[in-house]
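Undergrad: The lines below spell out each chain.
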Amino acid sequence: MVMIFGKPLILLYGQLTLGLINGAFYALLSLGLAVIFGLLNVVNFAHGALFMLGAFVTWGLLTYLGIGYWPSLVLAPLVIGVLGAVMQRTLIRRLAGLDPLYGLLLTFGCALVIEGLMRNQFGSSGVPYAIPEALSGAVNLGFMVLPRYRAWVVIAAAVMCLAVWLVIERTRLGALLRAATENAPLVQAFGVNVPRMVTLTYAAGAALAAFGGVLAAPMNSVNPNMGTNLIIVVFAVVVIGGMGSILGSIITGFGLGIIEGLTKVYYPEGSATVIFVVMVIVLLLRPAGLFGKAA
Amino acid sequence: MTVSRRMLLGGAAVAALPLRARAQTAKIRIGVLNDQSGPYRDTGGLTSVICARQAVQEFAARGFDVDVIAADHQNKPDIGAGIARQWYDREGVDMIIDVPTSSVGLAVGAVAKEKDKAYVNVGAATADLTGKQCAPSIVHWSYDTYMLSKSTGGSTVKAGGDTWYFITADYVFGHQLQRDATHFIELEGGRVLGASSYPFPGTSDFSAFLLQAQSTGAKVLGLCNAGADTVNSIKQAHEFGWTAKIAAMLMFITDVHALGLPVAQGLTLTESFYWDLNDRTRAFTDRVRPKTPNNWPNMIHAGCYAGTLHFLKAVQDLGIAEAKRSGTAIVNRMKAMPTDDDCFGKAYIREDGLLMVPSYLFQVKTPAESKGPWDYYKTVHTTPADEAWRPLSEGGCYFVKT
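Just so you know, the sequences run in chain order X and C.
Start counting the first sequence at 1; every next residue gets the next number (our numbering).
Start counting the second sequence at 1001; every next residue gets the next number (our numbering).
With the rest of the complex left out, here is chain C (with noise of 0.2 Å):
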């Protein structure tokens, strides 16, 4: 028998391969999937990626290698469900975070139920995400669309704003946003007068929408949107003189900074998270600052930094191998052990994958109030963490026993 040297080359080859393989295991790969393109570039994109890395630079002590890869999803569901896909299958991620736009967030998060891999979604505000698209591997950090009209959409209509006028986005997110929102104005006596819902993405003048706002003479004008979208409407709203209350269901800090004070001023809107809260959230801010010059940290941002941090704890404590072969098995040892960080502080994550931290009722100060760049919120009201998010047994979560 006379052996070529294709031979010999393929039977190095497989030589090689149980040593490549114990190599990787060795190494936690996560994966930072969110809009680094598009609208919601800087509510999330490369900052996110920078706080993911911020946090596996922090978590010092382990016995294992990490790597945070990144990608652009575009908002589209089926790119980032393809993303998802190919990072899980074949790039060997362990845990994917991120994944703002609820509809791209929902289809990420089937991905990782099918394939038992931890899914950390912050940026996407889909209350399903826990409820009726929950899955044991998945855990929703930072906010969610019932927190963000409990605190918002009650609090306004305590203050008086009791009949509502929506200008919402039409995808699930924006009608998500409007359903919560209804419930909880309902439940404080408040009514809607009408909604008028617009394509996305696509839509950059709002006028005709505000003028029939202004015709229902409505006292609150409700924002079911995001990013750009919401700086426009805003922007838009102040040129047509409405005088009457706007709530942006909602609004990031850098949607504030975009639209300058002279015109976000008296704003009212909910972060889980705001850099000035206290001397921990100052201290992660003075961290990351000079890593993201141009960009604050908001509370995705802040949400991927944590989220990465209690990930990694929980893998460490589990053991690298059992870590690999099962993301609820990381997932519930998420849940098993007590969330500590600069952003957040003490908390926890429940059964249904929630993090449970306090939501914040802030309100956009006067050009005069702001004592420096950034300072944009005064805090207007503080929910408690058990009050804040869903009751357990209102999500429709199929393996949350009730």
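Okay, chain X solo, but in the shape it has when bound (with noise of 0.2 Å):
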């Protein structure tokens, strides 16, 4: 048997695979806070607690109307969304122009309450929501058993992230955005309803939180906690990537749940940790993170 620092090989390929999984999850959230971030100069910290009602969302439209899992990836995606125009029209749109701090505080202030409402509600032990027909067993790679489910998480956040990209990069309305990102009051004056587009932007963001909490609800315990314990190590990655940057977002995601995986093997105790060593490195050596433009 082949042994890399006493682990068989055969042990790493699979924690590989694992962290390119839990990767491309980080990769998908971070988008959705990468491009808020990027229009609204507002660090989203309600992302945690949207993520948490996309799949809260999911099991009511199973339990409630007994509509199931694949609906749920647009329906959800856009309840969510709709949430996201509001809390942005209502809330978030009054901060504009003022520091992010603000932002900050009001987002955090929403996720709390958000919580806590779904904690009255719904208690802390979660409800449950079964794995699609589909999607269920699992294959034998040889290195590991891999279930179907987790196959299908790691293509369907890589084909997202890749096609919110091609609508930043490559499409009229992403160089709207971009340009709007730029100078707001300049793309205004060529006849662009930006306080629209930057609504809009906040409800892609949301439903793109709420697309992970669809993905994520199948696999992890659907409680209205879910979204806490992912969304510090989220703003790493950004932090890493470099805030605001799509694509340092989208490889930052899957590297760093890649060196997550790898730590779970070697030393599993320090695997919440590393991630934020990475970050302070990170930002000694370059801290524009990654893929950011220095200031």
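Source of the hints: derived by calculation from the structure; they are not laboratory data.
Selected chain X positions facing chain C (Cβ under 7 Å, derived; list incomplete):
#1 L18
#2 N22
#3 S124
#4 P128
#5 P147
Cβ atoms here follow ideal geometry from the backbone N, Cα and C, with glycine treated the same way.
Could you fit the two chains together into a complex? Lean on the hints.
TA: Here you go:
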């Protein structure tokens, strides 16, 4: 058996695959954050709560309306997207032009309120959600047993990341978004409805979080705290990648997933810390993040 | 000499002091301290508070007032110990109950010992509360790591599950549970092939550890964690096609409910209370259920009810002046009187503070076997009280004479 640092190579393959899957999640969530920060200059601390709401909407659609997993992939992000638009119009918009710190506090408060209300209603131990029939079971890859559902998650997340990147980098809408990020008054002068674009961007970011929530519902316990654990890691990913950088978020998300996976083999106790160690090192060497532009 | 208004007011306040103090002595105050917003909210939380209040309501004959206050310790030892100090010193709390999360449970135990105040721990698992870190004013109700390990660990090995892999929460509770379980597994001739301890709290993906467990070929996956972590571990083990046995070393009926029977069926676990155990447990459940619509009582909730009830009986028997003076005096009286309540039946509290009740090994029913809401358990094995717990001589409690 081939060994690397005292661990069988075959085990490492498995952990790399798992790291990639978790990385897909990090990429998907940090992508939404990056998009929102890029255009609104808002550090969206409500992202974890929106992710959790996405999972709960998925559960609710099945429990109360009998709507299964596949339609939920579209419906839950839509519902949360609308909620995001409402949040942006009624609350976040009032802080436009102020220091980003205010937006951070506001969204953090929103997250606490949303999570508190959900806990009051559904408790903390969560609700069950089964893996869809078509994706249940697992395939033996030789070096590991890969659940079909996880394979689907990594593909779905990667496709979604690619699609968002293409929209922003290769379409006219994306060009307008990027232009508005640089100089909103000028874009508005050309006849573009910038306030509407800002609202839709926040809604799209929220929908991305909800999409992550739908993907997570069958794998994790659907409970009101599920976003809290993830959001801190996701913020680290955004900071390491460079605030507002789309490509940076995607690459860093996948990369950190893999680093975390390897830590779980060699020193599992440190697996929650390793991402922050990386963050410290990156910030010391490149204060703007790996892919960020120096201010 | 001129008498100012301020002096008059001051004099009036001083004159009123003894009156206020007298009024306070007629009141016994109970503090429920637990996790009200985090991962252990459903296993304890508000339902524990409701069950303690239920006991106060049912305890009729007295000559003193009782009130119940509650606080959230957020699973942080410093916060828990801080609230305990404030309660005992300034808020007139005579007894603190529940306190899940072993690290917090022990921190509050140290405060109770220092201040000679009564402390009935229900929610924390650590067996050290009646062992190395015992105190004469501490009672431990419902369960501990030793009793769980003996019941779930020992019986699983006897049933053929002789090789184990542990997934362990990296804090005092997880490690003690793993240590105690390992003891019983090896005693029965089993072997532990490996273990992964993961950062707590903050881990929601257990697949990496499941993969390592699978690679060892262990017959049993032992989970030394609790609450949402246990739920996630089992859900993901199911997803990764874990076909061997899973022994959840600490699991409550609330966790089974969160998993759903299709995933949870067949699991074995240990509790000292189940709502559908006998007529008395069903009667208790019928009384509290209207107050806890989304959460049925588990052994922690039952312990908060029974512990409060027995405490009040002891206070009445002892007399309120003596009860106010010393927590050790109350707890000594609690130990001297046999316990009798709807949740645990007739039992007694041992010299080191441990409640001596039988432990039940339950298996989770299949969806077909379950006939109604929360009809989840069938009893596989009952360990009588005198065998279920750590022998008195092995605990290392300093005031126990052996």
